[in-house]
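So the sequences go chain by chain: A and B.
Residue 460 in this note's numbering sits at position 460 of the first sequence, and the numbers go up by one each step.
To convert, take the position in the second sequence, counting from 1, and add 492; that gives this note's numbering.
A short, non-exhaustive set of chain A residues, derived as facing chain B with CB atoms under 8 angstroms:
id	residue
1	D67
2	R109
3	I113
Sample of chain B residues with no beta-carbon within 10 angstroms of chain A, all distances over it, derived:
id	residue
4	L600
5	R624
6	S627
7	E659
8	F664
9	I730
10	V781
Some but not every residue of chain B turned toward chain A, in silico, with C-beta under 8 angstroms:
id	residue
11	G666
12	K676
13	A684
14	L685
The hints are simulated quantities; they were obtained by calculation from the structure and are not laboratory data.
Remember, predicted model here, so these are calculated numbers, not experimental data.
Ideal placement from N, C-alpha and C gives every residue a C-beta, glycine not left out.
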Amino acid sequence: MSALSDLSLRWKIPLRVMGAVLGTALAVTGALVAREYEEIRQNLEGHARSMGRVLAHTLIMPVLHDDIWRAYEILQSAHERDPAAPELQAEVVLVTDADFRVFVSTRPREFPIGSSAASRGGAYGLLRAELSRGTQTEQRVLEPVDSPVYFVMSPLIADGVALGHVILGYSKTPFLPRFLGLVGRAALVTLVVLAVILPISWFWSRRTGQPLLRLAEAMRHVPVELEAAHLADLPHSRDEIGQLGSAFRRMVGELRNKQELERQMLVSERLAAIGRLTAGIAHEINNPLAGMLTAINTYKRHGGDDPLAAKTLSLLERGLTQIRNTVAALLVESRVEDRPFAPQDIDDLLILVEAEAHACGTKVVIDGMLGAPLPLPATLVRQIILNLLLNAVAAAGNGGIVRLHAHTTDDSLTLAVFNDGRHIPAEELPYLFEPFTTHSGKGHGLGLWIVYQIVQQLDGEISVDSAPDSTTFTIEVPYGSASRSPAAALSD
Amino acid sequence: MDRVNRSPGSQSRRRFLRCAALLAALAPLPAGASDETLRIGLTPVFLDDQMSFLREWQRWLEAKLGRAVVFIQRGNYREIVDLVRSGKLDFAWVCGYPYVRHQRELKLVAVPLWQGRPQYRSYIIVPADDTRSASITDLRGKVFAYSDPDSNSGFLYPRYLLATHKEDPGNFFGRTFFTWAHRKVVEAVGVALADGGAVDGYVWETLAELRPELTRATRIVERSPLLGYPPFVARADIPPAELERFRAVLLGMAADPVGEELLRRLRLDGFTRASPELFAEIAHMAARVERL
Numbered sequence: 001m002s003a004l005s006d007l008s009l010r011w012k013i014p015l016r017v018m019g020a021v022l023g024t025a026l027a028v029t030g031a032l033v034a035r036e037y038e039e040i041r042q043n044l045e046g047h048a049r050s051m052g053r054v055l056a057h058t059l060i061m062p063v064l065h066d067d068i069w070r071a072y073e074i075l076q077s078a079h080e081r082d083p084a085a086p087e088l089q090a091e092v093v094l095v096t097d098a099d100f101r102v103f104v105s106t107r108p109r110e111f112p113i114g115s116s117a118a119s120r121g122g123a124y125g126l127l128r129a130e131l132s133r134g135t136q137t138e139q140r141v142l143e144p145v146d147s148p149v150y151f152v153m154s155p156l157i158a159d160g161v162a163l164g165h166v167i168l169g170y171s172k173t174p175f176l177p178r179f180l181g182l183v184g185r186a187a188l189v190t191l192v193v194l195a196v197i198l199p200i201s202w203f204w205s206r207r208t209g210q211p212l213l214r215l216a217e218a219m220r221h222v223p224v225e226l227e228a229a230h231l232a233d234l235p236h237s238r239d240e241i242g243q244l245g246s247a248f249r250r251m252v253g254e255l256r257n258k259q260e261l262e263r264q265m266l267v268s269e270r271l272a273a274i275g276r277l278t279a280g281i282a283h284e285i286n287n288p289l290a291g292m293l294t295a296i297n298t299y300k301r302h303g304g305d306d307p308l309a310a311k312t313l314s315l316l317e318r319g320l321t322q323i324r325n326t327v328a329a330l331l332v333e334s335r336v337e338d339r340p341f342a343p344q345d346i347d348d349l350l351i352l353v354e355a356e357a358h359a360c361g362t363k364v365v366i367d368g369m370l371g372a373p374l375p376l377p378a379t380l381v382r383q384i385i386l387n388l389l390l391n392a393v394a395a396a397g398n399g400g401i402v403r404l405h406a407h408t409t410d411d412s413l414t415l416a417v418f419n420d421g422r423h424i425p426a427e428e429l430p431y432l433f434e435p436f437t438t439h440s441g442k443g444h445g446l447g448l449w450i451v452y453q454i455v456q457q458l459d460g461e462i463s464v465d466s467a468p469d470s471t472t473f474t475i476e477v478p479y480g481s482a483s484r485s486p487a488a489a490l491s492d
Numbered sequence: 493m494d495r496v497n498r499s500p501g502s503q504s505r506r507r508f509l510r511c512a513a514l515l516a517a518l519a520p521l522p523a524g525a526s527d528e529t530l531r532i533g534l535t536p537v538f539l540d541d542q543m544s545f546l547r548e549w550q551r552w553l554e555a556k557l558g559r560a561v562v563f564i565q566r567g568n569y570r571e572i573v574d575l576v577r578s579g580k581l582d583f584a585w586v587c588g589y590p591y592v593r594h595q596r597e598l599k600l601v602a603v604p605l606w607q608g609r610p611q612y613r614s615y616i617i618v619p620a621d622d623t624r625s626a627s628i629t630d631l632r633g634k635v636f637a638y639s640d641p642d643s644n645s646g647f648l649y650p651r652y653l654l655a656t657h658k659e660d661p662g663n664f665f666g667r668t669f670f671t672w673a674h675r676k677v678v679e680a681v682g683v684a685l686a687d688g689g690a691v692d693g694y695v696w697e698t699l700a701e702l703r704p705e706l707t708r709a710t711r712i713v714e715r716s717p718l719l720g721y722p723p724f725v726a727r728a729d730i731p732p733a734e735l736e737r738f739r740a741v742l743l744g745m746a747a748d749p750v751g752e753e754l755l756r757r758l759r760l761d762g763f764t765r766a767s768p769e770l771f772a773e774i775a776h777m778a779a780r781v782e783r784l
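When you get a sec, could you build the whole thing from the sequences and use the hints?
Next comes the structure, spelled out in structure tokens:
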């Protein structure tokens with residue numbers, strides 16, 4: 001049973017439809033055959049009754065005149081075989097007198113004149129019990145139990161007196177071949193109809209099941225292969241399956257959004273953790289570092305003239321200064337006091353980048369100009385743009401193009417830096433903004449980390465869209481009422 | 493329309509009505525029969541149900557006699573015999589038994605020759621599957637089929653036979669019935685509707701050739717001695733010239749090519765003159781039976 005219910009809809013729907021079609025065909029055929037059977041039966045009985053009436057009427061005179069031969073001839077002509085309808089032919093016709101003794105019969109050897117109609121035994125023996133029952137002046141159909149023959153008994157009535165009876169005996173067996181023929185024909189017609197309907201209904205039921213199957217197939221990809229599930233060919237109709245399909249598409253879309261969100265959260269959380277760790281370490285390094293540098297300074301100013309010591313301290317000072325620079329680079333802090341970012345800053349940046357661009361053979365284009373200074377810390381924004389431009393120039397390489405697009409709204413600045421150079425592989429994107437991540441092999445890998453830190457501090461958002469020959473870093477930084485940063489501290 | 497024209501009109505109507513009344517009186521006879529038509533009655537002393545043969549015989553007779561001929565058939569011998577006795581038929585082919593009974597009212601015309609003789613036999617037959625009965629006396633209490641109460645071979649002879657066995661023909665059989673034709677006696681006995689029957693030997697032998705399946709279902713248990721063959725008779729008041737003319741046609745039938753062919757189909761050899769003595773045996777039997 002469970003095996004049946006486990007069967008795929010691919011088979012279940014067609015099989016059920018087939019079953020319904022077969023069942024209908026059988027029911028209709030059965031009903032038709034039953035009706036036909038009843039009709040044949042009725043026809044037969046009607047024919048037998050009218051034959052009985054005609055014979056009874058015709059035989060009155062021969063019986064009255066004791067004309068056996070005339071009666072026999074009448075029976076013979078009534079008994080003539082009709083090849084088209086053999087079941088209409090009575091097996092035997094008996095004419096009996098009032099005492100149910102044979103006056104004449106179509107089979108004189110079996111029913112000799114003067115013998116009892118029931119003397120032959122068998123069905124005719126059963127007939128004896130039926131003969132005397134009921135009214136003698138009415139036509140009766142006698143069907144003795146277990147008899148292979150049934151009888152139509154018509155009284156010979158002259159002036160209200162029953163002279164005798166005409167008994168037509170019909171065998172039930174000739175009826176059978178005709179009935180079987182009927183069943184055979186009905187079965188043939190049913191088969192022909194089925195031969196036409198079954199393939200059509202198979203095809204249609206397969207078609208009906210197809211969207212469900214596709215849906216189930218798409219479901220199997222959830223949640224591991226959302227992309228495959230998303231691309232599945234689902235029905236777009238407005239029926240329930242179509243609704244299911246669109247609901248499924250919605251679900252997959254939301255799942256994808258959720259996964260994307262989770263991934264982004266993971267990245268930003270990791271970056272935040274790295275940031276906190278880096279800041280902590282930087283602070284811990286900075287404190288003794290400042291002390292050490294101050295000590296070296298003090299020694300240089302007030303210490304002896306030992307050239308070896310001076311050389312060693314100078315070496316220490318350079319190393320410590322490098323550490324301080326590196327730590328300072330890690331520790332991006334919004335400077336509380338800064339001037340607003342002005343349109344001229346972009347021109348400055350272009351000049352700053354141009355030397356590098358020239359060296360690489362890259363063309364740098366600036367799109368869109370700022371109309372007025374923005375309430376954003378100029379140093380930080382300049383740092384972002386400079387880092388991104390330098391990265392882009394490095395990526396674009398010889399003959400490449402770098403484009404900076406700056407755009408402002410009432411409460412935000414959008415910066416987009418485009419280059420047509422080497423793109424960033426998808427698998428590297430999650431780690432792009434981590435410190436000491438370098439893709440070009442050059443630099444210390446802190447550029448994007450710094451950009452990220454600054455954007456985070458400015459409550460902005462950064463996104464990367466990288467495809468072959470087209471990589472764009474987009475940064476949106478809010479200001480004014482949309483900004484949570486202490487922009488109010490800015491001074492002109 | 494004036495009176496002069498009306499008078500002949502009403503006269504012709506009166507004549508028409510008279511004719512119609514005459515026709516109504518003749519209703520049992522064919523309406524087309526006129527005074528010139530020769531009316532010949534036929535009985536089932538031969539196989540009278542061969543309509544195509546009768547038509548050809550009628551045409552032949554018309555050609556030979558030079559006048560219209562009508563065959564008249566009835567359900568039994570008596571009607572034909574009565575019609576010829578009352579002069580409503582000119583000639584009739586009847587059985588020897590009614591001939592001897594009404595000899596004074598009938599004129600003997602000619603007697604057919606069968607197997608070279610103007611004589612035939614009566615056969616007592618039983619169903620072929622009755623292998624025991626050897627004589628009519630074995631059929632006591634059984635069902636017996638006669639052909640016609642005015643038939644010699646199909647009624648008189650078996651009754652005479654029983655009388656010679658000191659049996660009462662009226663009570664000997666359990667049940668008897670008439671088939672009104674010899675051929676049907678053969679059929680009735682063949683299907684065992686009757687346990688025995690009496691039949692014209694000529695009819696039985698002819699049937700044995702034409703419809704052997706009918707006679708094969710029967711078995712002959714007794715044959716009568718030779719008896720006078722059913723004759724052609726004429727009404728008593730037949731003009732002698734007419735009788736002679738008809739007799740000449742019958743007697744010349746065997747010499748005529750078409751007539752011979754017709755006789756061949758009847759399985760007869762021809763016709764012969766005969767004297768009433770030919771039927772003496774039948775008359776004797778009739779007297780014997782009627783005494784009972």
